[in-house]
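Novice: Chains E and Z are the protein sequences, given in the same order.
175 is the number that the numbering used here gives to position 175 of the first sequence; each next residue is one higher, with no gaps.
1110 is the number that the numbering used here gives to position 110 of the second sequence; each next residue is one higher, with no gaps.
Bear in mind the hints are in silico, worked out from the structure with no lab data behind them.
By construction, the Cβ of each residue, glycine as well, lies at the ideal position given by its N, Cα and C atoms.
Treat the hints with care, as some may be off.
Restraint-style ranges between C-beta atoms, simulated for each label pair [unchecked claim]: (1) Lys1032/Z / Ser66/E: 54 to 62 Å; (2) Thr1161/Z / Pro63/E: 39 to 47 Å; (3) Glu1059/Z / Asn26/E: 52 to 60 Å.
SDA-like mimics (lysine to any residue), calculated; alpha carbons at most 20 Å apart, straight line [said to hold, decoys possible]: (4) Lys92/E / Ser1055/Z; (5) Lys92/E / Ile1023/Z; (6) Lys1190/Z / Glu73/E; (7) Lys92/E / Asp1046/Z; (8) Lys92/E / Lys1190/Z; (9) Lys1190/Z / Glu44/E; (10) Lys92/E / Lys1091/Z; (11) Lys1124/Z / Lys92/E; (12) Lys1190/Z / Ile39/E; (13) Lys1091/Z / Asp119/E; (14) Lys1190/Z / Asp119/E; (15) Lys92/E / Ser1051/Z; (16) Lys92/E / Asn1013/Z; (17) Lys92/E / Ala1047/Z; (18) Lys1190/Z / Asn41/E.
Quick partial rundown of chain E residues pointing at chain Z, CB under 8 Å, derived from the structure [stated by the list, open to error]: (19) Phe75; (20) Glu137; (21) Ser196; (22) Val197.
These are the residues of each chain, in order.
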Amino acid sequence: MQVEPRVIPVLLIADGRFVKTRCFSNPVYVGDPVNVLSIFNEFEVDEIITLDISAAGSRTPQPLDSLRNYAEECFIPLAYGGGLTGLEQIGKVLRSGYEKVVVNSLLADQPDIVESAADRYGSQAIVASIDIRGESEERSVVVHGNRDVVKATPANWARRAVDLGAGEILVTAVDREGTGRGFDLELVAEVAAAVSVPVIAHGGAGRRSDLAKPVFESGASAVAAGSLFVFQGQDRGVLINYPPRSQIERLFRMTDGSPVESRA
Amino acid sequence: MRLVVVEIGSVVNMFRRLGGDPIASGDPGTIKRADKILLPGVGAFDAGMASLHESGLVEVLRIRVGEGVPLLGICLGMQLLFDSSEEGSDKGLGLIPGVVRRLSPDSSDGPIRIPHMGWSRIEKRRPHNLTEGIGEEARFYFAHSYAVVPKDDSDIIGVSTYGSQFVSAVARENVLGVQFHPEKSHRYGKALLSNFLQGF
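Excised from the complex, chain E in its bound form:
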């Protein structure tokens, strides 16, 4: 079966700049979006997810002009999330060079918009982002940038998102985000088992060797990371990086063009 796990840099936008957070706090400046994106474009990355974290509070997305500007020199698949609240707005982002929009708080605030967007633009264009705080038995779903708790298990929240029409789930372990202590494999497995759409694991990748685990051990179709692809070393100096194709193939044990499988 020809399914190649995707390795996806997640880039956070705050006030028009790329930043990186730790556990959703303490943003550190990473670079100018156009520059950073053009470097990832040269690396021929599998896909990029951009999320405006300031929009989670303001409910105002990045202006379309800057979104268009980011996409202009990017010949790689792009997703955007942050502050999207209207159907027309979602359509405009999808016509500005983005294949997908990412919705998170909207799943709680206006699920009908998510549903209409999936109807109009197709499920493949809607990524449901699910933030999970806590570990093992103590997990809770959070929205509005880790401010409000939703009464649902991660599995139920993911299932509900798929029922609304989401074609993909981005599951983020809030307490691991930016820490480098590894993915929450149990959480990813729980979500992947609950839905039949692709699941992207996010939060905690500290080394390149971490990337294969959610795919092999938890049934994820893709892995996402921030710090891993923008920082280097103990002192977290900014260095935009991405594993070369040959390393990705080794990590996912793809040999002779016969990649690993991703099962529902």
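Starting from the known structure of chain E, arrange chain Z on it as the hints suggest.
Specialist: What follows is chain Z alone, placed relative to chain E:
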């Protein structure tokens, strides 16, 4: 050469990079004067057709294709070239005989996840200018839940595999279509769009 891209999208940027001078337009008058037409598409089948009807493009696209103008459909744009789709109830453009079906979750190794999101390779069914120089190592980006099923096998120029095999590239005279996003497929997509720019 006047290349017109129906509606906007990142494909315009890619053509500019390739040295083309694309015009993004949903205006029938502009499309009447196009030398080549590219039909991208975002969304569901019925919504896509509704948008073509609203802009008055259905007739003009059929006329231009009849006149021999090369038309390339991308993703949903490829699906719209066919007669109908399981995704909706509206009629498609009917430029290539056949239907659009939902991808099957069945595979020999158990169910697969749908939508198909990610990178796959193309297995050529017959040589064609559009896929000229594109080798087995070439990877293309897909994001779709549906795939075309042409009535005539001779319209198939490439297939891909996700769980089971599906049609990923078609050509019937001057009507061409690809299920993947060449504008988002790195140098491989660039090569394919460059073929469209130069080879027809």
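Novice: If a hint holds in the structure, say so; if it doesn't, say that too.
Specialist: Verification of the hints:
| no. | hint | verdict |
| --- | --- | --- |
| 1 | Lys1032/Z / Ser66/E: 54 to 62 Å | 34 Å, violated |
| 2 | Thr1161/Z / Pro63/E: 39 to 47 Å | 41 Å, holds |
| 3 | Glu1059/Z / Asn26/E: 52 to 60 Å | 58 Å, holds |
| 4 | Lys92/E / Ser1055/Z | 17 Å, holds |
| 5 | Lys92/E / Ile1023/Z | 18 Å, holds |
| 6 | Lys1190/Z / Glu73/E | 13 Å, holds |
| 7 | Lys92/E / Asp1046/Z | 18 Å, holds |
| 8 | Lys92/E / Lys1190/Z | 24 Å, violated |
| 9 | Lys1190/Z / Glu44/E | 12 Å, holds |
| 10 | Lys92/E / Lys1091/Z | 25 Å, violated |
| 11 | Lys1124/Z / Lys92/E | 35 Å, violated |
| 12 | Lys1190/Z / Ile39/E | 18 Å, holds |
| 13 | Lys1091/Z / Asp119/E | 17 Å, holds |
| 14 | Lys1190/Z / Asp119/E | 30 Å, violated |
| 15 | Lys92/E / Ser1051/Z | 14 Å, holds |
| 16 | Lys92/E / Asn1013/Z | 16 Å, holds |
| 17 | Lys92/E / Ala1047/Z | 15 Å, holds |
| 18 | Lys1190/Z / Asn41/E | 13 Å, holds |
| 19 | Phe75 | 6 Å, holds |
| 20 | Glu137 | 27 Å, violated |
| 21 | Ser196 | 6 Å, holds |
| 22 | Val197 | 6 Å, holds |
Of the numbered hints stated above, those contradicted by the structure are hints 1, 8, 10, 11, 14, 20, listed in ascending order.
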